[in-house]
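Asks: Input sequences plus hints: build the corresponding full structure.
Just so you know, the protein sequences line up as chains A and B, in that order. Numbering-wise, our numbering puts 183 at position 183 of the first sequence, and it's gapless, one number per residue. Numbering-wise, our numbering puts 23 at position 23 of the second sequence, and it's gapless, one number per residue.
Treat the hints loosely; a few may be bogus.
Here are the in silico distance ranges between beta carbons for each label pair [unchecked claim]:
| id | chain 1 | residue 1 | chain 2 | residue 2 | range |
| --- | --- | --- | --- | --- | --- |
| 1 | B | Ala-89 | A | Ala-243 | 50 to 58 angstroms |
| 2 | B | Glu-129 | A | Ser-166 | 58 to 66 angstroms |
| 3 | B | Ser-268 | A | Gly-261 | 42 to 50 angstroms |
| 4 | B | Arg-233 | A | Glu-61 | 45 to 53 angstroms |
Residues of chain A placed beyond 10 angstroms of chain B at every Cβ, according to the derived structure [unchecked claim]:
| id | residue |
| --- | --- |
| 5 | Ala-29 |
| 6 | Arg-32 |
| 7 | Trp-59 |
| 8 | Ala-75 |
| 9 | Glu-92 |
| 10 | Ser-166 |
| 11 | Ala-188 |
| 12 | Asp-206 |
| 13 | His-236 |
| 14 | Glu-244 |
| 15 | Lys-254 |
| 16 | Gly-271 |
Since the hints were derived computationally from the structure, they do not count as laboratory data. Virtual Cβ for every residue (Gly too), placed ideally from N, Cα, C.
There are 2 protein chains.
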Amino acid sequence: MPYSEAAPRQGGGRLMIIGGHEDRKHDMAILRRFVEFAGGPDRRIVVLTAATKVPGRVWEEYDRAFAELGVRDRAAIHTLTRAQANDPALAEQVASAQGIFMAGGSQLRLMKIIGNTVLHAAMRQALTERGACIGGTSAGASAMSAHMLASGKASLQPEKGGVRLSTGLSFVQGAVIDQHFSQRRRLARLLAAVAHYPRLAGIGVDENTALVIGPDAGIEVIGEGGVTIVDGRQMHANLSEVAEQGKLQLIDVKLHLLPAGAAHRPGSAAGPIQDFLELLTGPDPLT
Amino acid sequence: MPYSEAAPRQGGGRLMIIGGHEDRKHDMAILRRFVEFAGGPDRRIVVLTAATKVPGRVWEEYDRAFAELGVRDRAAIHTLTRAQANDPALAEQVASAQGIFMAGGSQLRLMKIIGNTVLHAAMRQALTERGACIGGTSAGASAMSAHMLASGKASLQPEKGGVRLSTGLSFVQGAVIDQHFSQRRRLARLLAAVAHYPRLAGIGVDENTALVIGPDAGIEVIGEGGVTIVDGRQMHANLSEVAEQGKLQLIDVKLHLLPAGAAHRPGSAAGPIQDFLELLTGPDPLT
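Replies: Here it is, written out as structure tokens:
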């Protein structure tokens, strides 16, 4: 089951892109919706802990949260090595799950362990063939995209070279995703990413907030905060005139702010959001 | 000399809109440029302290700074009451100055004391008739505009009713100005202002940074940080559908980021910045 670049997703299951710190103890609004999207508490839910160095502790939290939400068939998928992520038995546990949740940690660690493995292919299969819901929080959110925001300085102004992209899981093609967005003041680094890759939309998801991409290519924002979208396709940037680490001039970036409760379907929304939906659910604009 | 709404400024002197905390002890890059714009250290510079409750202490700092910059003819204009701001002798000191600097504090206090007084008229006269440079930092920056950002919550997301505008000094018509911008995370409140008044450009000036508007209607950014411009004239906002204090959805806001060193003249720059320059130096779009 080798990994291969998928065609733009149509149909299949939902993606739930969570900005970190989703509530796991009180109302659990986001995790509750995740369980719904997975088909309800009777379905199988697995939690991937590859991104974190403390998988036991992380699983403990999700184990308790999903138990409280009535999920009986729940399991951790602990992978510390690529060999484990290529274990067909473990991948089968993922392929048969209806909810696949990636916990936070480091997105580079996550990709190092599961990128282009049998486990990764199993996730894609579950998403596209069986309509499973894939959720990811923090590092697990950033890793959803083909072009992954790997690291970058939380500067006050976008800087040339101020952000590094790497290869992600490719569930979303045309966007780069940042998390803990408003809380960690990451607009400048997201703008730096878009300045370097103007054909990618920049998506910033706040804490305890999720951007849900539906099988119909519609989007929804749930939780407490908002989702910030920056679209640089018509931007004038002075990237070529600025030295490394120099401050960038960006003119005519399109900015969209979607608060919790926002929902847009293809064809129903304002033009600029249509453009974004096409980018979000279309093929990789960089290939 | 009654105060009257001026026509859009053409010719005349410069405005220097400073985001607060401009360096007053070390390189003094911004104050140094202010002295240049005022015609050099041989010209008369006055510092208005109406915005602050500690005028003596504030003047002491500027007195020392301008002394170091070689300015001999320098004076504080302390006004604690409107009666003082209507004193023709004091106003004459302002009318004859080539550099007029408004220190920080509260922009509401500043307006309460000098708005629509003889002093205010003297400032305008110095600016338009003799090409004086008017500088304002922090509260003094916000007060430059006709529609003044008076107060507002520094929330993470723009909220309906999350910002209050009031009447400013009207040296700039088509914009609302915020300061300490990146440092105090004020994008959301500036977006709230623009959501409520989409015909005004939102200008956010970082600390130790100045937006200079020249007599030729060109702009320049100097100092350490950047200037953020949000233009909501093509925005789709859901203001009418949201309850007071509700989070706003804003689609298709234009965002421009100008770092220190940026300079744009009418006719020379990218289209979107031309639009902004016209708004910035044109007549009041709300009247």
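Asks: Against this structure, judge whether each hint is valid.
Replies: Hint check:
Range check, Ala-89/B to Ala-243/A: about 52 angstroms between beta-carbon atoms, so the 50 to 58 angstroms window is met. Separation of Glu-129/B from Ser-166/A is about 59 angstroms and conforms to the stated range, judged on CB atoms against 58 to 66 angstroms. Hint check: Ser-268/B to Gly-261/A, Cβ distance near 43 angstroms, so the stated range 42 to 50 angstroms holds. Checked against the given bound of 45 to 53 angstroms, the beta carbons of Arg-233/B and Glu-61/A, roughly 46 angstroms apart, stay inside it.
Here Ala-29/A stays apart from chain B, with its beta-carbon at least about 15 angstroms from theirs, past the 10 angstroms limit. With a minimum CB-CB distance of about 20 angstroms to chain B, Arg-32/A clears the 10 angstroms threshold, and the non-interface call stands. Trp-59/A, annotated as away from the interface, keeps every beta carbon of chain B farther than 10 angstroms; the closest lies near 30 angstroms. The beta carbon of Ala-75/A sits about 35 angstroms from the closest Cβ of chain B, which is more than 10 angstroms, so the claim that it is off the interface holds.
The claim that Glu-92/A lies off the interface holds: its Cβ sits roughly 42 angstroms from the closest Cβ of chain B, which is beyond the 10 angstroms cut-off. The claim that Ser-166/A lies off the interface holds: its Cβ sits roughly 25 angstroms from the closest Cβ of chain B, which is beyond the 10 angstroms cut-off. Non-interface call for Ala-188/A relative to chain B: violated, since the shortest CB-CB distance, roughly 8 angstroms, does not exceed 10 angstroms. Some Cβ of chain B comes within 10 angstroms of the Cβ of Asp-206/A; the nearest lies about 7 angstroms off, and the non-interface call is violated.
With a cut of 10 angstroms on Cβ distances, His-236/A falls inside the contact zone with chain B, its closest approach being about 4 angstroms. The beta carbon of Glu-244/A sits about 14 angstroms from the closest Cβ of chain B, which is more than 10 angstroms, so the claim that it is off the interface holds. Remark: the non-interface label on Lys-254/A conflicts with the geometry, its nearest Cβ contact in chain B lying 6 angstroms away (cut-off 10 angstroms). Look at Gly-271/A: its CB is around 8 angstroms from the nearest CB on chain B, not clear of 10 angstroms, so calling it non-interface is violated.
Hints 11, 12, 13, 15 and 16, counting from the list given before, are not met by this structure.
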